[in-house]
Amino acid sequence: MLNFAVVGQSLRMALQNIRSNRMRSFLTMLGIIIGVGAVIGLVTIVQAVSGELMGEFSDLGAGTISVQTYASAMKYGLSDKDMEVLANVEGVEGLSPTVSLTTTSVVGKEVYEETNVEGKNTLYFQHNSDIILSGRAFNEQDMSGDAYVCIVDQSYVKHALLGKQVLGGQILLHGYRYTIVGIYKKSDNMMSMMMDDSTLAGTILVPYKNALTMTGNGVVNSLEVYVEDSADMTKVEERLRATMKNLYNENDDFFSVYNFSSLMDMVDSATSMMSGLLGGIASISLLVGGIGIMNMMLVSVSERTKEIGLRKALGATPGRIQAQFMIESIVLSMVGGFIGIVLGESIAMIAAKLMDTKFVFSVGAIMLGFGFSAAVGIIFGWMPAKRASELNPIDALRAE
Amino acid sequence: MFDVKQICMIYDMEKEEKLYALKGFDLQLPDRGLIGIIGPSASGKSTLMYCLSTLKIPTEGSILYNGRELTNCTNVERDDLRRREFGFIFQKHYLVPYMSAVENVMVAANEKDKTMRKKAEEILTKLGIREREFSKKPAKLSGGQCQRVAIARAVINDPKVIFADEPTASLDHENAYNVMKILKEYSLERLVLVVTHDKSILKDCDRILEMWDGEIRDASSDIPEKERG
Ligand SMILES: Nc1ncnc2c1ncn2[C@@H]1O[C@H](COP(=O)(O)OP(=O)(O)O)[C@@H](O)[C@H]1O
Ligand SMILES: [Mg+2]
Numbered sequence: 001m002l003n004f005a006v007v008g009q010s011l012r013m014a015l016q017n018i019r020s021n022r023m024r025s026f027l028t029m030l031g032i033i034i035g036v037g038a039v040i041g042l043v044t045i046v047q048a049v050s051g052e053l054m055g056e057f058s059d060l061g062a063g064t065i066s067v068q069t070y071a072s073a074m075k076y077g078l079s080d081k082d083m084e085v086l087a088n089v090e091g092v093e094g095l096s097p098t099v100s101l102t103t104t105s106v107v108g109k110e111v112y113e114e115t116n117v118e119g120k121n122t123l124y125f126q127h128n129s130d131i132i133l134s135g136r137a138f139n140e141q142d143m144s145g146d147a148y149v150c151i152v153d154q155s156y157v158k159h160a161l162l163g164k165q166v167l168g169g170q171i172l173l174h175g176y177r178y179t180i181v182g183i184y185k186k187s188d189n190m191m192s193m194m195m196d197d198s199t200l201a202g203t204i205l206v207p208y209k210n211a212l213t214m215t216g217n218g219v220v221n222s223l224e225v226y227v228e229d230s231a232d233m234t235k236v237e238e239r240l241r242a243t244m245k246n247l248y249n250e251n252d253d254f255f256s257v258y259n260f261s262s263l264m265d266m267v268d269s270a271t272s273m274m275s276g277l278l279g280g281i282a283s284i285s286l287l288v289g290g291i292g293i294m295n296m297m298l299v300s301v302s303e304r305t306k307e308i309g310l311r312k313a314l315g316a317t318p319g320r321i322q323a324q325f326m327i328e329s330i331v332l333s334m335v336g337g338f339i340g341i342v343l344g345e346s347i348a349m350i351a352a353k354l355m356d357t358k359f360v361f362s363v364g365a366i367m368l369g370f371g372f373s374a375a376v377g378i379i380f381g382w383m384p385a386k387r388a389s390e391l392n393p394i395d396a397l398r399a400e
Numbered sequence: 001m002f003d004v005k006q007i008c009m010i011y012d013m014e015k016e017e018k019l020y021a022l023k024g025f026d027l028q029l030p031d032r033g034l035i036g037i038i039g040p041s042a043s044g045k046s047t048l049m050y051c052l053s054t055l056k057i058p059t060e061g062s063i064l065y066n067g068r069e070l071t072n073c074t075n076v077e078r079d080d081l082r083r084r085e086f087g088f089i090f091q092k093h094y095l096v097p098y099m100s101a102v103e104n105v106m107v108a109a110n111e112k113d114k115t116m117r118k119k120a121e122e123i124l125t126k127l128g129i130r131e132r133e134f135s136k137k138p139a140k141l142s143g144g145q146c147q148r149v150a151i152a153r154a155v156i157n158d159p160k161v162i163f164a165d166e167p168t169a170s171l172d173h174e175n176a177y178n179v180m181k182i183l184k185e186y187s188l189e190r191l192v193l194v195v196t197h198d199k200s201i202l203k204d205c206d207r208i209l210e211m212w213d214g215e216i217r218d219a220s221s222d223i224p225e226k227e228r229g
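Residue numbers (our numbering), protein chains in the order written: chain A, 1 to 400; chain B, 1 to 229.
Read the hints as simulated data drawn from the structure, not as lab findings. A few of these clues could be false.
[Stated by the list, open to error] Computed cross-link-like contacts, SDA-like style, restricted to lysine to any residue with a CA-CA straight-line distance of at most 25 Å:
1. Lys137(B) x Met383(A)
2. Lys160(B) x Arg117(B)
3. Lys160(B) x Val7(A)
4. Lys140(B) x Met23(A)
5. Lys15(B) x Val7(A)
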């Protein structure tokens, strides 16, 4: 009975009727438009932001465990010996210490008061092979402590080396003459952007022993631990924590051991909680939108009592009448849903522009928008359509 | 075509004082011809029509339609019968306001295809609706035009019976005359039942039934043969 032609005709009639009541139809759809628009917009924004955060965390070192120490009177930091102990912990592939300081650099006659210097070892470059833009990374020979080679970042090139020969060029760093062997890409994440200050000339990487000499205290305060098998992450983390506690005389106030994947898990669960919350808010607005549609359909049924009476008198089955009104409410709600999707995606796109994040076109969110609006149409159209289908033809025709 | 036996209709069964809209009479109707039903207001004319056309079920009695008992048909069978074999014209045209003239005719069409649309246009043309009025909404058509669209809607499926309940009551004399002419023409092949309380338009009828307070009698002889068509 409910064949293709019937659905087609009902669809045409629904559109005709919506068009002949443009203003009212639009106002009715507004609830759905706002509801669907809000879900799509907000969900897309949350996903974009969390994607951004995740990206940063993985830049910062997903798959590694960070060990930080805080200088105290008892212990300034980790010595070479301590690091050897840590490197021998079961499941550890190796360590990459970071020794940071800010010092003065000189290129030619120009003096740059604030230059970041970071000491790195070869393992660091093995795990971050894609950061070298040109030139080379450090090798084992550079690690002896008396090789004066360095790798500069793009910011330093821009500030201090513009128009000069970079690779093979010379920088006076902490009183020693260094040769530039490479340029690397500093990850431009939010954190480094926040710490960005204009007086900083840039960052220069040197072999980590050289950096230790510059700081003068011979200890490391920060290091990354690479794990042999990422499945053992938490186990290795526990072992490292125990080892550190041992090195620090059972006092765990002056160090921390953490890994970014657990941080990422936290962001992940925060994101899904946020999405759930937004979904809840959105379902309330969809409920309101649905009630609006139900109201409009009830008005429509009572306005068109004569039309319904006539159709039934001419032999239309109750199912046919119900289908007609259901289709109308589904069309109404899905047109609203479609506008809402367009609205939501536009909001997300503008937000992505403003926050300078990547705009992610989420097919899932769109399907969700269509699904929800169709469901609203079916659920809230059912009762008015049922009511229409149960009208007595003669009473309906005579109704004034 | 119709064989009605002891038909009774009581509205508001739950009321203390029972009101008989039809008081139990017999009636036979032929396969073709124009049958006029006349009578004062509230005499039960519409009620009789509704019972014959399955829109209402009589309280008592039997209605045989081509040998089929209508009083115990299912709802689906009744809808089906109205859709396939009956056509309806009412006092008001009841055209759907947001649809064009042609679409209003198509509302009744059992098939919604192109040939049916063409047929609808042909019928409208035959009824004197011009092509430029096909796409007009009812609000842009005159009363007479609307009623002719309604007639087209009644005949689109070639019904075996047309029920016309005061089809001319809201029309002026000329339009009323035209409507009766159309119905007369259709009645040469099929059965057409026309309810009215205007005697003057019944001169073309093959048979005239008069209703009075739920009772019926043949009144064909009241109007002299020579005055009738
Ligand atoms: N739906 C109804 N409920 C109650 N009484 C009705 C209903 N329809 C008609 N009647 C009554 O039945 C009687 C016959 O009505 P009807 O068949 O409409 O007469 P006519 O068409 O000849 O004017 C009237 O007394 C009318 O009041
Ligand atoms: Mg009547």
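_Indices of hints not satisfied (ascending)_ = The structure conflicts with hints 1, 3 and 5, although it agrees with all the remaining ones.
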